[in-house]
Amino acid sequence: MTRLLTLAFAALMLCVSLATAQDSPMQTLLQEHRALIEKSSRQTIEPAIVALRDSGLPQAQLVMEKWQAKELWQRKSDNLFFFAEKVDSKTWRLTGIDDGQAAGEFAKKELKQLKPNSGVRSMIGAALVQFQLMSDDPAKRIEALDAIQRDLAPEQLPALEGAIDGETDPQILDRKVRLVRLLTIPYGRTEDERVAAINSLSGDLGVDARAALNPLVATTRDAVAGAVPEGTNVAALLKPGSATFSNEEAYALLVARDLAPARVSAADRREALQQNIEGGKVGGVPVAQLDTDAARERAYLGLVAEGKAPATATEAEMSVALASHVFFDRFADPNPAITDAATDTLKSINLKVGVNQVLDLTLDAMSLASIYFLAAIGLAITFGVMGVINMAHGEFIMMGAYTGYVVQQIIPDYTISILVALPLAFAVTFAAGVAMERLVIRWLYNRPLETLLATFGISIALQQLAKNIFGTQARPLTSPGWLDGALVLNDVVSISYIRIAIFVLALIFLGVFLFIMKRTRLGLEVRAVTQNPRMASSMGINPDRINMLTFGLGSGIAGIAGVAIGLYAKVTSELGSDYIVQSFMTVVVGGVGNIWGTLLGATMIGFLQKGIEWFNPSNTLAAQTYMIIFIIIFIQFRPRGIIALKGRAAGD
Amino acid sequence: MTGTFLSRNPSVLIFIACLAAFTLAVTLMSEAAGSELISTSFVKTLGKTLCLCLVAIAMDLVWGFAGILSLGHFAFFGVGGYMIGMWLMYARTEAIVATSLANAEIPPTDQEIIDAIGTQIFGVVGSSDFPPIWSFADSLTLQLLMVVLVPGLLALVFGWLAFRSRVTGVYLSILTQAMTLALALYLFQNDSGLRGNNGLSGLQNIPGAEGIPQATISVWFFWASAVALGLGYVLSAWVVSGKFGSVIRGIRDDEARVRFLGYSVEGYKLFIFTLTAVIAAIAGALYYPQAGIINPAEIAPIASIYLAVWVAIGGRGRLYGAVIGAALVSLLSTWFTGGQVPSIPLGVYTIVWVDWWQVLLGISFVLVTLFAPRGIGGLFDYFSGNRAPNRHGRDLGPDAGSLREQEAEQ
Amino acid sequence: MSQLLEVSGVSVTFDGFRAINNLSFSIGQSELRAIIGPNGAGKTTFMDIVTGKTRPDEGRVLWGEMSQSLLKMSESQIARAGVGRKFQRPTVFEDQSVYDNLAMALKKDRSPWGVLFFRPQANDRVRIEELAGEIGLADQLDRKSGELSHGQKQWLEIGMLLAQEPRLLLVDEPAAGMTLAEREHTTDLLKEAAKTRAVVVVEHDMEFVRRLECKVTVLHEGSVLAEGSLDHVTKNQDVIDVYLGR
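Chains as they are written, first to last, in our numbering: chain F, 1 to 652; chain Y, 1 to 410; chain E, 1 to 246.
Think of the hints as simulated: they come from the structure by calculation, not from any bench. Be careful, since some hints might not be right.
[Unchecked claim] Residues from chain Y that keep clear of chain F, each with C-beta distances beyond 10 Å, as calculated:
#1 P108
#2 V125
#3 F158
[Stated by the list, open to error] Taking lysine to aspartate or glutamate and the DMTMM-like style, the derived pairs with C-alpha atoms no more than 25 Å apart in a straight line are:
#4 F:K86 / F:D99
#5 E:K53 / Y:E266
#6 Y:K243 / E:D139
#7 Y:K243 / E:D109
#8 F:K66 / F:E38
Think of the CB as a built atom: it goes at the ideal place given N, C-alpha and C, for glycine as much as any other residue.
My request is simple: use the sequences and hints to build the entire structure.
Following this line, the structure appears as C-alpha cells:
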C-alpha cells in the first residue's frame, strides 16, 4: 500500500514536473541550474546567466531584473522559484515566474531569499543590458547605450555585439557600432580585432575616440639595471642629461624604484647639521664657516663619518648609477601592434583636430573682428570724414549698452526689448553726438589735437556720470532665449548664436553704410565735403549740416555697437574704454577714410589677437601686449594703414 | 637776443625764488621742524605734487614746444618709479631676511638669502625666482642708472620707430597711447617679473634709514623733489631758450618747412622725446618712494591723458604754465576726491564731490579748451599786455589734420 | 660748364594719373631759369621731386660735380646738400621773431647736439643784419614774423633761403600777392642771387618772367614742351595751343 502510494505519488510528481516543463519553461531552466544559482558565486554563476540570457524566453528579462533586485525567492518545500512580495513582516506573497499567477501567501520561514552578491549582480546587469538594447522602446535603447558609455566594461562587448543585428533605427545602429569599436579597443578578444577597431577610428573627431585611444599610448617612465627586459613595449629610450630628461630626474627615478640610495637634500642636510652642533662645531667644521655649500658638504661628510647622519650618494656614485641603468618610457599596453596602431590613429586624429581647431579659431576671430568692426566703424566715419578724433566714442558705446539695459528694465520680453533697444540706442547716441558736435567739436575744426583733448574731457565726465547714475557694479543685458546656445558643427568646432548675430549685425552695418554713402544724397554730400569742403559749400551744400549728421551717424552706430557688445559682456561704465584703444588701432591699421580699410583692419586685429591667444592661451594680457607691439611695427611699413590714400591727396 | 641766459629768461629766476621760498616755508612748518602746521602726509602730498610738476614740464617740452602730443609720458614716469622701487623693495627685504636668518643656528649661504628674498617678494605671484630684470636690484648705483636708461631706451626705440615712419599728429598720439596700454597690460601679468597687479609696495621705508622718522624722511624727499624740479625747470628753460628751442617750435608749427631748411626733424623729435622721457622717469623715481606703492594701474593710458589735461589747463608752450596746471589740478583733485569738500544739498539730490569731481573736471577741461586755449598761463600774458600777434592759421599745434585744405589751394 | 642738377626720364603716377611724364631737365651752376606752364602741368610736383618730398616711379635726379643721386636722400639731406625751396604760400615761423627765423636758416651745424650748444657769435649777428638789410627788414628784426605784411613775409622767406646759402634755389610763384614795387624788388633779388647760384622760378605771370630776362622752360602734362628765350617760346605753336586752348 505504501509502495503503491509512493508509486502513485511519483507518477503524480512526474506528471506535475512534465506539466511544469511544458507550462513553465523558466522554472525548468532555473531548476536545471539550481545548484549554481543557490551557490551564487561570481566564479561559477556564468553558465546560469548565459542560459537565462540566451533562453529566448519572454520572462527572462523580468526574472533577471527580479533576481538582481533580490526579489526572487525559493520555496523551501519544493525548491521552486517564485517572485515574492512582502505582505507584512512575517508573510510574503508568492507569484509564479512563468504564469504570473498568485501562488498564495507563505510564512517567511518557509521561504528562502536569493541574495546574489554585488559581483553576480553586475553580471546579471551586463546580461540585462542586452535586453534593454533589444527593447522595442528606442528611448530605452538609448538609455542603455548611455549607461554603457558611462562606464565601459568588457562584459558589455558581447551583449552589444548581439544587439547590432535587428536594430532598425539607423542613428542608434550607428551608435551601437561605434560603441562596439570603442569597447573592442581595450577589450577585444584578438589583436587583429583591436587593431581593426583602432584603425577604424582614424580621423574621428569625437572626444570619446581620443579618450579610448589615449590610455593605450599612455606611458610610464621606468628604469632597470642592464638592458630593457624582454616583452616590454618601449615607447622611447631616454638618455639622462638630455634637455627633456635631466640627470636629477633620472636619479630621482632610480631612487623612487629603490635602485639607488637617496641623496640628502639641501634642506635635510641643513636640518642634520643643525641637530648636531657640538661646541660650536659640526662634523669638525666651525658653525660660523657654514655659510657656503662646500663647507656644509664637508661638515656633513664629517657627520657621516661619525655615524651621526645617513650616508648620501656622492656625485661620482650618482654618475655610476646613471650609467649602469637604462631609462625608458613604457606603454601601458604590452602589445606593440596595438600601441603602434593607436599612435598612428591618434596622429591622424590630432591632424584633423588641428585642422578643425584652425577652423574654430577662424570663426572666433571673425566674431571678434565683427565686434571690433562695429566698435570702430563710427570712429572711422568721424575720423575719416571729418578728421576728428573722438575720444568719447567709447562712452557712446557705453551709452548704447546702458540704453539697452534700461529698456530691458521696462520691457520684460527680451526679444521685443532688444528690437526696441537697437533703434533707441541709435537715437540716444545720435542725439548725444549731434549735441557734442554743435557744442564743442564745431569750434575746434582743424585743431585735431585739441579736439582729442576736449572729447577726452567729455569722456571722463560721461564715464563718471554713468557711474553716478548706474553705480559701479556690472549690469546685465540679457539676450533673448533664441540666441542662447551654440551652433555645434562637431566636437571641436562650435560658435555661439550670439556671435553669429553680431557677425550678421556687422554685415548689415557694412551694407547700410555702403548704401548711404554710395546711393543717397546724404552720402554724396558727405563725400563732397570730405574731398573739398570749400567747393562743396560753394555748390550749395551746407558743410555744417553734413558734419553734424556725419557725427550723429558715427555716434549712433556706436550706440548700436554698445547694445551688441553689452549682450555678451557685462555693462559697466568702463565698457567703452575697454574697446576704445582697439577701435583706434582698427582705424589706424585699416587706413583713414575708407570703410573697407576699417573692415580689413578689424579683420586683421581680430585674427591677430586670436592667433596670438592660440599660441599662448593662458595669457590674454600678453596677447594684447604683443598685438599692440605688432601694430606699432606694422605702422612702420604702412604708416597710412592697409588701404592708404595715395598721391597728393595723402599729404606728405 | 643778447645777454645771459638768465637775463633773457627772467621767469626762471622768479620761478626758482618762488620754489625756494615755498620749500623753506613747508620745511619750517613741517613736523620734522617741530611744528604742527603741516602734517607729514601733507608734506608727502606736496612733495609728490612737485614731482608731478616736473613730469608736467617734460610734457610741456614735448607737447607745448615740440608739438608731439605724447600720451605715454606717464608710462615713463611709472617705469622710473618701478626701477627705483625694485631697489627699495630688494634692499629692504634683504635687510628683513638677513635679520630673521641671523637668528638661525647655522649661518645662511648666499643662495639661501637670495631664495628667501625671492620668496618674500614673489610669493604673492606664486613664484620665488628672480626674473632677469631684477639682476641689478641689489645695487643702488646700477638701479639708479636703470631709472634713466630703461625709460630712455624705451623712448628711443619707440620714438625711432614712430618718427622715422613720419607718424604725426593724432596718429602719433594714438600710437603712444597704444604703447602705454601695451606696457600697462604687460605689467599686469603675474609673470612679467614685477609682481603683476600687486605692484611694488612698502617703498616709503627707505633701507638704511630705519631709525629715522617718516616726518624727517618726508622732508628729505620734499627737498629732493624741489631740487629736481628746480634743475628740471632750468634745464628745460635752457633747452628751449636758444636756437634749439627755435627749431623745435618751428617743428611744432610747420614740420615740413623745418625739414626744407635742412634740419633732420626726426632727430630733433627723437632727442626731445627721449630727453623728456628721462625727465619723467626721474620725477617718477622721486614720486613713488613718497607714494609708497606702485602698480600697473598707475601707468594706464588715462594717467598720461590727465598729464596732458594738466598742461593744457596750465597753459602750453610756457614752462611755468605746466607747473601751475599740474600743481593746481592735482591738489584740487586730491582735495575733492579726499572727501574734504562739503557736499551741496539740492533738496532732491545732494552733490557729493567725490562722485562729481570727475564730471566737473571733464567739463571744465572742455571749457578751457574751447575758451582759454592758452590756459591759466595765458592770464599772465593778458595782464602784462603781451598779446600774441594776430596770426594766420591756427593757434598752437602742429597739425592740420590732413592736408586737405592745402590741397584745395594748390 | 658742368650741370648742377640733371633730371632725366622722370615719371610719377598718382593713382593712375601721370603727373610727371618722362621729364628731363638740367640747369647749370649759376643760371636763372623760369618754368611756366598751365595748371596741372606738373610744376609743383617737379619741385617736390627735386626736394625729396615725392619719390618718382622711375628716372634719375643727379646733383653736383659728383653726380650724386638725390633720390636716396631725405628732404633735410637734400636741403643740406644745397637745394633751397620757397613755397607758394609764405611759410615763415610766425610765432618767432624775424631774427630767430633768419638765425634758424643760417648755414650752420644742423645736428641736434650742435644746435643745442649753439650760441650766436658776433659775425653771425652781422650776417643776419646784413641779410635783413638786403630784404628790407633791417628795422623789423625783433618783431614777430606773424605781424609782418604778406609781402614782407615773402621777402623774409627769400632771406631765409639766402641765409641757407643754397647752390640751387627753387622759387614757387614769388610774386603772388605783391605790389608792383615789391615785384621789382623781388626781381632784383632773384637776379642778384642768380649770379652766384642756380635759381629756378616757377611763375604764371608772364610780365614777371619777362622781367627776369632768362631762359624759359614750358611744362605741359608733365613733360617739357618747349625751351628757350621767352620770345622764342611764345612764338612756338604748341605753346600757343596749350595756353590758348585748341
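Holds or violated: F:K66 and F:E38, Cα atoms, limit 25 Å. holds, 15 Å
- prompt: Does the claim that Y:V125 lies outside the interface with chain F hold up, using a Cβ gap greater than 10 Å?
  reply: holds, 13 Å
Discussion item. Holds or violated: Y:K243 and E:D139, Cα atoms, limit 25 Å.
Written reply: At roughly 21 Å apart (the allowed maximum being 25 Å), E:D139 and Y:K243 satisfy the hint.
- Distance restraint between E:K53 and Y:E266, which requires alpha-carbon spacing of 25 Å or less: holds, 15 Å
Please check whether the beta-carbon of Y:F158 is more than 10 Å away from every beta-carbon in chain F. Its Cβ does come within 10 Å of chain F, the nearest being 7 Å, so this is violated.
message = At 10 Å, judged by beta carbons, does Y:P108 keep clear of chain F as stated?
response = Per Cβ check, Y:P108 is inside 10 Å of chain F; nearest 6 Å; violated.
Checking one constraint from the list: CA of F:K86 to CA of F:D99, max 25 Å. Satisfied?
Distance ~19 Å between F:K86 and F:D99 Cα, so the pair holds.
Assess, step by step, whether the Cα of Y:K243 is no farther than 25 Å from the Cα of E:D109, and give holds or violated. holds, 11 Å
Hint compliance for this structure: hints 1, 3 are broken, all remaining hints hold.
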